[in-house]
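Residue numbers (the working numbering), protein chains in the order written: chain G, 4 to 287; chain X, 968 to 1353.
Keep in mind the hints are simulated off the structure, nothing from the lab. A couple of the hints might just be wrong.
To be verified - Okay, derived cross-link-like pairs now, DSSO-like style, lysine-lysine, Cα gap no bigger than 27 Å in a straight line:
1. Lys1255(X) <-> Lys1210(X)
2. Lys1255(X) <-> Lys1151(X)
3. Lys231(G) <-> Lys67(G)
4. Lys1156(X) <-> Lys1204(X)
5. Lys1151(X) <-> Lys1204(X)
6. Lys231(G) <-> Lys1204(X)
7. Lys1292(X) <-> Lys67(G)
8. Lys1210(X) <-> Lys1151(X)
9. Lys1269(X) <-> Lys1204(X)
10. Lys1210(X) <-> Lys1156(X)
11. Lys1210(X) <-> Lys67(G)
12. Lys231(G) <-> Lys1210(X)
13. Lys1156(X) <-> Lys1255(X)
14. Lys1156(X) <-> Lys231(G)
Bear in mind the structure is a predicted one, so any value in this text is a computation, not a measurement.
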Amino acid sequence: MQRRDLKTWLFLAPAGAWFLCMLVLPLIVVFVFSFGERGAAGGYVPAFTFDNFLNLGARWAAFKNTLILAPLGTLICLLIAYPLAYFLALRTSPRWRTVLLILVIVPFWTSILIRSYAWIYLLGGQGIPSLLNALGLGNPRLINTPFAVLVGIVYGYLPLMVFPIYVALERLDKRLLEASSDLGSPPWRSFLQVTLPLSMPGVATGCMLVFILLMGEFLIPAMLGGGKVFFIGNALVDLFLQSRNWAFGSAVAVALVLVMLVTVAAYLHFTRRWAGGRDDVSLM
Amino acid sequence: MTDRNDFLSREKFMAELYRYKKGSVTRRHFLGVTGLGLATSVLGTAVPGLRGAAHAQGSIGDRVVVASWPNYHDPANFDAFTAETGAAVDLNVFGSNEEMLAKLQAGGSGWDVFVPTNYTITTYVDEDLIEPLDLSMLPNYDAASFDARFADAGTVNGTVYAVPRNWGTTGFVVNTANLGGLPKPTTWKEFWDMTMAEFSGRTMVHDYQLTTIGNALKYFGYSFNSVDPAELAEAEKLLIDAKPHLFAINSDYQPSMRSGDAWMSIAWTGDGLQLHRDMPEIDYVLGKEGGELWSDFFAIPKGAPHRDAAYALINYLLAPEVNAKEVAFHGYPVADARVNAILPPEMLNDPIMYPAADLLSALEFGAAVTLTDPNRAELMARFKSA
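Kindly generate the complete structure, drawing on both the sequences and the hints.
Here you go:
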C-alpha cells in the first residue's frame, strides 16, 4: 500500500513540480505585483495599493475589443471548421482523409509570424484590394482594420477548431444515422438530432481552445491591425515592454484571468444546458 | 564566465592541457581557463602591427548579439566581420528606447551590444544596466575626431559608457505624388492637420513615445520634451483625435511607404534618405517648429555573454572605412571627422543628411526625463489602446 503511494507520488512529481514552478508561482508573483507600484525608471516597487485595479478603466477599450473580437473570431472559426470537419470525417474516403488532414496541419510547420507577414502583403494596398480594383469592385482598405485582424485570427486558429470536431464526428456510430433514417427521418433532421448533439463535445473543446488562446492574442492584432486594433494582450505587452509599469500590468493580467474564469464558467454552464444536461461536455 | 585572475597551479595547467589535447574541452575553454587567451590578446594589442586585429585571435566566441534599430546596419559589414572573426552577428531590431530599457530591466536579454540614444544613457547608468567601456579594447575609437555635440552623452560623471554611432534628426517623410496639388507640408501643424483631412487613413506615427508625443507637442509649439501635465493633455487630445485617421502606429514605416499604402510618416534621417534615394517623390521634411536632434551610441550591457565579441564588433564598426560603408548604406551622418573625410561629397552636401543650419537650430536633444516620466509612458499607452 505504502509502496503504491510512493510510486504514485514519484509519477506525479515531475508534472506537479512543473505546475508549481511554471503556473502557480508565477501567478502568485503576478497577484502580489498587482498591488505594487511602478518604480521611478519603471519596473516594480513593493507597496500595498488598490490604485492599479482602480485604474483598470484606462484599458477598457482594449478589454472591449478583445471581448468582441475573440468570441466573434471563435464563432467564425466554428462556422468554417464544422463543415470542413464534417466533410473530412464523413464524406471522404480513408485514403484521401490522411492527405487532407495533413494539409490542415501543414501551415503549423511555418511560424505564425511569417504567415502573418504574408497576410500583410495580401491585405495591403497592392494585394487583394488592387485585385478588386482591377475587377471594378472598388478599392477597400483591408489592412490595419478589425476585418484584417479577424481574417488573421480565423486563418491562424482554424486547425485548432477543426481537429476536436473532426475527432468527435469520426467516432460517431454510423448505425445511429441508419436507425434515424429507417425511422423516417430526413437527412437534415438526422443531422440536427443525431450528428450535431453527438459532436457537441468536440465543438465545445474547439471553441474553448480557440477562445482561451484568442483572449491572450497579441501578435495578429499587432501585425494586421497596425497598432490600431488593440487587444488586451497588446495592452499587456505595452505595459511590460514599453511603459514598464509592472504593477499595473499585473493588475491587468489578474483582471484578464478573472474575466476568463467568468466567461469560461458561463460558457460551460450554457453548453451543458444546450447539450441536454449531459456531462460529457468537457474541455478535452 | 571564467575568472581569469585566479591563480592556476602547474598541475592544474597540465591537467587542462591534457584535457584540451584529448579533445574533451574546447580550445576556447582551454584558452579561457589558463588565461592564455587573455595573454595572447594582451600581447597582440602590445604589438603595434597587430593592433586592431586582436579580435582575429579566434578567442571571441562564435556569436555576438546586437540590439539596434530598423534599416540601420549594412548586412555586408556584419558578414565581413563574421568572415574575419568567426563570430556570427545576431541582430535584434527595436522600435523604441523604452522597449530596449524594458528588456534590460527584465534581465537575461542575452545582448552583447546595444545602441541606445543619447538621452537614455544616464538612466542606464543609474539603473546599473550598462558597462563602463574599456577604451583600450576599442583602438579604432578616437575621441578627438568626434564632434563633442554628438559624443558627450556617452560620458556620465567622467566615465565613458558609450561611444557614438550616428546622429540624425526626426522629421517626416511625405509622398509628394499624393499631394494632389496641395503645397508640400513644412510644419508639424500641417503634418497633423493633413493627417486629419486630406491624408486621412494614410499617415503613420512611431510606436515610440518620444517622437510621437514630442511631435504632437510641437503642434502647439511646446517643447518636444515637455512633461508639463497641461501641455501633455493637449497633445493627448490631438493624438486621440488623429488616431482614427492614422494608417498605423509602427516604427517600421518603410514597407508601407514603399508599397504606397502610407503617404506620410514620422521618420528618421536615414529612412528619409533611403526612401528618397529609391523613390524621389518621397521627400524628408523637418518641421519648422523644431523636433528632435539625436545621437546613437554603441554600449555594452552589464553581464554581456560575449563581451570580447562585443568589443570586437564595436571596434570593427568604428574603423573609418567600415563606418563609411555603413553610412553609404543607411544614410545617417556620423560625428567622426575621419569618416567624413572619406565620404563622397554628394553625401556631405545632401540636405537630408546635413540639414540647413536654420532648421537644425530649432531642434532639441531628447531629455532623460521623458524616458522615465510615468505620465508620458501612460499617455502613449492610452493613445494606443484608445
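Do the hints match the structure? See the list:
1. Lys1255(X) <-> Lys1210(X): 23 Å, holds
2. Lys1255(X) <-> Lys1151(X): 13 Å, holds
3. Lys231(G) <-> Lys67(G): 14 Å, holds
4. Lys1156(X) <-> Lys1204(X): 14 Å, holds
5. Lys1151(X) <-> Lys1204(X): 25 Å, holds
6. Lys231(G) <-> Lys1204(X): 16 Å, holds
7. Lys1292(X) <-> Lys67(G): 49 Å, violated
8. Lys1210(X) <-> Lys1151(X): 22 Å, holds
9. Lys1269(X) <-> Lys1204(X): The given pair, whose Cα atoms are some 40 Å apart, is violated under the 27 Å limit.
10. Lys1210(X) <-> Lys1156(X): 16 Å, holds
11. Lys1210(X) <-> Lys67(G): This hinted pair holds, its Cα atoms lying about 17 Å apart.
12. Lys231(G) <-> Lys1210(X): The given pair, whose Cα atoms are some 8 Å apart, holds under the 27 Å limit.
13. Lys1156(X) <-> Lys1255(X): 9 Å, holds
14. Lys1156(X) <-> Lys231(G): 22 Å, holds
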